[in-house]
Structures are given as structure tokens and as C-alpha cells.
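Colleague: As a plain string of letters, each chain reads:
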Amino acid sequence: MARGSIPILRVGDNLLVTVQTDLHDAVAEAFQEDLLAAIEKTGAAGLLIDVTGLDIVDSYVARVLADTAKMARLMGTDTVIVGIRPEVAATLVRMGYTMSGVRTALNVDDGLAMLPARR
Amino acid sequence: MSDQVLSRDDLPVTTEGDVVTVRRRAQAVAQARGLGTFAVAAVTTAASELARNTLTHGRGGDASVEAVARDGRQGVRLTFRDQGPGIADLSRALAGGFSTARSLGLGLSGSRRLVDEFDIDTTPGKGTVVTVIKWARF
Ligand SMILES: Nc1ncnc2c1ncn2[C@@H]1O[C@H](COP(=O)(O)OP(=O)(O)OP(=O)(O)O)[C@@H](O)[C@H]1O
Ligand SMILES: [Mg+2]
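Listed in order, the protein sequences are those of chains S and G.
Sequential numbering from 1 applies to the first sequence in the working numbering.
Sequential numbering from 1 applies to the second sequence in the working numbering.
Check the hints yourself; a few may be wrong.
As the list claims (entries may be wrong) - From the derived model, a few chain G residues whose C-beta atoms are all more than 10 Å from chain S: (1) Gln4; (2) Leu6; (3) Arg8; (4) Asp9; (5) Gln27; (6) Thr37; (7) Phe38; (8) Glu49; (9) His57; (10) Leu90; (11) Gly107; (12) Ser109; (13) Asp116.
Stated by the list, open to error - Derived DEER-like restraints, expressed as beta-carbon distance ranges: (14) G:Gly34 x S:Glu29: 20 to 26 Å; (15) G:Thr123 x S:Ala113: 53 to 59 Å; (16) G:Ala136 x S:Ala113: 35 to 41 Å; (17) S:Leu9 x G:Ser91: 32 to 38 Å; (18) S:Ala113 x G:Asp71: 48 to 54 Å; (19) G:Gln83 x S:Glu29: 27 to 33 Å; (20) G:Pro12 x S:Ser100: 50 to 56 Å.
Hints are computed from structural coordinates only; laboratory data are not their basis.
From the three backbone atoms N, C-alpha and C, an ideal C-beta is built for every residue, glycine too.
Start from the sequences, fold in the hints, and give me the full structure.
Modeller: Okay, here's the thing in C-alpha cells:
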């Protein structure tokens, strides 16, 4: 996946990004940079990361997602990760990776409801 | 272990892309052997963690992805081999929360909990071989 190719949608005061490809090495860094740049540009109140398309999340990808949420938080934007599949949730917990400190929701609608509009 | 080997793929683990290839192969074989959704996710994730360890800690190596049978059961067996530095303190590495890469140190301990059988053979200065099996349930 090339740089800047992850579609970032505006939904009200929030940004919605749908992850479909594996977030590995260079892709992961580009993903973070693109998202942070979009937050700066739009002044988004919140960020939703939809991971419904990920059939596995290993510790590397889990860390990329958690780090991205922390980076957004430093900029003043709240992140909610939505759509973690049942088998992914089970696998992460069994591995001992609970993604603590990261807000999650079942789906995009629930995630949006967790993000208060800025204005 | 005298498991019957039904199929075998040998794959290099020398690049980031190889990690993805090994993982996808493990996933496909697990699905083909009738593992359920949760078991497929578990063994695929273990494949990803172990292949990444081979690449980053073992300085690269190779992997075998096999379909195996034992006592009428079928499953997937993964073997990761490298000739890297080996693991000096194995019990500490297996306990989890220990990393020489300033990471979380969950890959090895986590993988162990995700599979049905886990075997590791490591010699400091010589290398590491990790073998895991995940069985289909009936
Ligand atoms: N193939 C290997 N060769 C040499 N050392 C290894 C190998 N696999 C694991 N280790 C050692 O065991 C430690 C624990 O491995 P583990 O995968 O649990 O953690 P990690 O790779 O450091 O972090 P992560 O949580 O990102 O996987 C590693 O830090 C490394 O020192
Ligand atoms: Mg690891």
C-alpha cells in the first residue's frame, strides 16, 4: 500500500479511517503520519479507527494501533477503535495483550456516540 | 513425534514480506484442515509472532507450514528455524514481559498460549527452532 492511500473520511467533527491492509513496517509509519497530519489539518475532535477488515491483529499491529491513539491524544484528539472481531479479541486476551488504555466500541455508530462533538 | 505429514511448504523468513507470506500460508492450511474461526486466528497470530521473532531476533531463517494428522485428528504444524544468537535465558523469555528489544515481550509467551503444542530448542550462539501445533476440534 502506497503512502497516503488509506482513505480518511470526515464524519461531522470526527475522522473515520478504515484499516483493511496489514499495518506492517513502512505502512504502519505512513498510517500514523497520515492520520496525525489529517488531525492537524481538520482539527478533528475525535478519531475512529475501524478494524473490522483485520482478520488478525498480532502484537505488532496492536501496538501500532495503541501508539496511534496515544499520539492523537497528545494532540488533543480522542480515539476509539471499533470493530474488533470476536476471534481477534479472544486472541489478544489469550496472548495477554489487553489494549488497556485504548477506548473501543462494537461498531462505528457506537464509536461515534462516544466522541462528543467539539462545538 | 510421529505425526503423519499431509502437506508441507518451506518458506524463507528474511524480510517483512516473508512474515506476511508465512502467516497467510498458516491461515490457509489451518482453514483447509477444518480449524474453527477462533483456532485459525490463534494459530495465524502465533505464526506472525514467531516469524517476526525469527526475523528480528534470529537474524532471519526459514519456516515450514505443514498439515499434519495424528490419531484421526488434523491440524497445522509450524516450524521456525534460525541460526541467530539463541535465547540465553529461556525461562525468562517464556515467562513473558521480557524483551531484549524494548518491546512488550508477549510474542513467545503469547504464542505458547495460543497453540496446543509448543516446543522450543535453542542453543546460545547456534540458533533457535520453535515448533507449534494447533489441532482441529471435532
Ligand atoms: N528466534 C529467536 N532468537 C533469539 N532470541 C529470541 C528469539 N525469539 C525470541 N527471542 C528472545 O526472547 C525474547 C522474548 O520474545 P518475545 O517474542 O516474547 O518478545 P519480543 O519479540 O521482544 O517482543 P514482542 O512482544 O514485540 O514480541 C526476545 O526479546 C528475545 O530476546
Ligand atoms: Mg516477539
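Colleague: A separate judgement is required for each hint: does it hold in the structure or not?
Modeller: Hints, verified against the model:
| no. | hint | in the structure |
| --- | --- | --- |
| 1 | Gln4 | 27 Å, holds |
| 2 | Leu6 | 23 Å, holds |
| 3 | Arg8 | 22 Å, holds |
| 4 | Asp9 | 19 Å, holds |
| 5 | Gln27 | 8 Å, violated |
| 6 | Thr37 | 5 Å, violated |
| 7 | Phe38 | 5 Å, violated |
| 8 | Glu49 | 6 Å, violated |
| 9 | His57 | 13 Å, holds |
| 10 | Leu90 | 18 Å, holds |
| 11 | Gly107 | 6 Å, violated |
| 12 | Ser109 | 7 Å, violated |
| 13 | Asp116 | 13 Å, holds |
| 14 | G:Gly34 x S:Glu29: 20 to 26 Å | 38 Å, violated |
| 15 | G:Thr123 x S:Ala113: 53 to 59 Å | 55 Å, holds |
| 16 | G:Ala136 x S:Ala113: 35 to 41 Å | 40 Å, holds |
| 17 | S:Leu9 x G:Ser91: 32 to 38 Å | 48 Å, violated |
| 18 | S:Ala113 x G:Asp71: 48 to 54 Å | 51 Å, holds |
| 19 | G:Gln83 x S:Glu29: 27 to 33 Å | 29 Å, holds |
| 20 | G:Pro12 x S:Ser100: 50 to 56 Å | 36 Å, violated |
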